[in-house]
Amino acid sequence: MKRLPPAIRPKYRYISYNVHCEKDLEFETVIGEIWDTLEEYLGVRKLSEGEIWIMKNQYNKKHQKGVIKVQRSMEKDVIAALTLLSGFNDNKGFLQVENVSGTLKNI
Amino acid sequence: MRYKDLFLLNVENSIKQKAVELGWEIPTKKRSLKILQEQKWEVLKKKISSSEKEILVVEAQDYELNKKILGQENVDILLSPEQKSNRNSGIDHILAKKAAKKNIAIAHDFSVLENCSLREKSHTLHYWKQNNDLCKKYDANFIITTNPENQYALRDPKNLGILLDRHNITEDSLAQNQTNILQSDFQ
Chain Z
-4 MKRLPPAIRP
6 KYRYISYNVH
16 CEKDLEFETV
26 IGEIWDTLEE
36 YLGVRKLSEG
46 EIWIMKNQYN
56 KKHQKGVIKV
66 QRSMEKDVIA
76 ALTLLSGFND
86 NKGFLQVENV
96 SGTLKNI
Chain H
12 MRYKDLFLLN
22 VENSIKQKAV
32 ELGWEIPTKK
42 RSLKILQEQK
52 WEVLKKKISS
62 SEKEILVVEA
72 QDYELNKKIL
82 GQENVDILLS
92 PEQKSNRNSG
102 IDHILAKKAA
112 KKNIAIAHDF
122 SVLENCSLRE
132 KSHTLHYWKQ
142 NNDLCKKYDA
152 NFIITTNPEN
162 QYALRDPKNL
172 GILLDRHNIT
182 EDSLAQNQTN
192 ILQSDFQ
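Just so you know, the protein sequences line up as chains Z and H, in that order.
Per our numbering, the very first residue in the first sequence carries number -4; after that it's consecutive.
Per our numbering, the very first residue in the second sequence carries number 12; after that it's consecutive.
In case anyone wonders, no lab produced these hints; they're calculated from the structure.
Be aware that one or more of the hints could be misleading.
[What the hints assert, rightly or not] Estimated spans, in silico, between C-beta atoms of each pair:
| # | chain 1 | residue 1 | chain 2 | residue 2 | range |
| --- | --- | --- | --- | --- | --- |
| 1 | H | Asn161 | Z | Ser43 | 31 to 39 Å |
| 2 | Z | Pro1 | H | Arg98 | 45 to 53 Å |
| 3 | H | Asp176 | Z | Lys60 | 23 to 31 Å |
| 4 | Z | Gly27 | H | Val31 | 26 to 34 Å |
| 5 | Z | Lys6 | H | Lys147 | 50 to 58 Å |
| 6 | H | Lys95 | Z | Met(-4) | 41 to 49 Å |
| 7 | H | Arg42 | Z | Lys87 | 48 to 56 Å |
| 8 | Z | Lys87 | H | Ser133 | 34 to 42 Å |
| 9 | H | Val123 | Z | Thr98 | 33 to 41 Å |
| 10 | Z | Lys87 | H | Ser62 | 44 to 52 Å |
| 11 | Z | Lys87 | H | Met12 | 37 to 45 Å |
| 12 | H | Asn126 | Z | Thr98 | 46 to 54 Å |
[Unchecked claim] In silico lysine-lysine, DSBU-like type, Cα no more than 30 Å apart, as pairs:
| # | chain 1 | residue 1 | chain 2 | residue 2 |
| --- | --- | --- | --- | --- |
| 13 | H | Lys108 | Z | Lys57 |
| 14 | H | Lys29 | H | Lys57 |
| 15 | H | Lys109 | H | Lys58 |
| 16 | H | Lys51 | Z | Lys18 |
| 17 | Z | Lys60 | H | Lys132 |
| 18 | Z | Lys71 | H | Lys140 |
| 19 | Z | Lys64 | H | Lys40 |
| 20 | H | Lys51 | Z | Lys87 |
| 21 | Z | Lys71 | H | Lys108 |
| 22 | Z | Lys56 | H | Lys112 |
| 23 | H | Lys51 | H | Lys78 |
| 24 | H | Lys58 | Z | Lys71 |
| 25 | Z | Lys87 | H | Lys169 |
| 26 | Z | Lys18 | H | Lys78 |
| 27 | H | Lys78 | H | Lys29 |
| 28 | H | Lys112 | Z | Lys41 |
| 29 | H | Lys148 | Z | Lys87 |
[Stated by the list, open to error] Computed far set for chain H versus chain Z, every beta-carbon distance over 10 Å:
| # | residue |
| --- | --- |
| 30 | Ser25 |
| 31 | Leu33 |
| 32 | Val54 |
| 33 | Lys56 |
| 34 | Asn99 |
| 35 | Glu125 |
| 36 | Asn126 |
| 37 | Asn161 |
| 38 | Tyr163 |
| 39 | Ala164 |
| 40 | Lys169 |
Idealized CB from N, CA, C, for every residue including glycine.
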């Protein structure tokens, strides 16, 4: 199948986040909480519009940082949802959105 | 934009340090912050009249008590009016006018969203928006505070601004409106 022409190809934003928590967390814990929060705030309809991808290969356990790929129109909704995240399992913590970029290279 | 939170005046140094890392500006400590929580008007009135030097924050109670609180000169902030109200935002046009007249800010506490159900969360965010609109119409001061108990109750101010923006709440509630309260202290 041929790739869509650039004009009608969806535009994405890469959101880099920083996990602030009492202890260092595995990617599986972080991704679970992020999906729960996004689902609670945005609902299934908006989640499907956003084409959200929480990127495993970009997660850095040492620095507790990661990247979420999202459609450009949903960028602010995703950041708003992440602000409401208030803990990871039984640990207190929050997510800080550090940077938003159009390319992964610039994050 | 310079993000400020008056409630950071009263927290431990470790929390202040984290707040600065996240991008908050700690207000200069001209006066300390005092939070009053009392259900009986006679007791509350005595406490209000006895404290003149502090920035006085009174936790909102029922509608009638809030009306009396907003009639006081010494009070600077009425905190979380939606919390003790029965299925309403706790502020109507009468209270908003009173708050504007006495220069009392209506404050909402972000930390209440942490441990509540989805239904309560959605209602609370709606009440914030409603109170923000009322305060805007009657020129009352409206602020949002993180009121952090520990460093994990803090949020990045820019992220918080985006959340408020999504709910049509002005971002000034995290910045300019907080400064207005500090400036009114000098008068």
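Enumerate the violated hints, using their earlier numbering and listing them in ascending order.
5, 6, 7, 8, 10, 11, 12, 13, 14, 16, 19, 20, 21, 22, 24, 26, 27, 28, 29, 31, 35, 36, 37, 38, 39, 40
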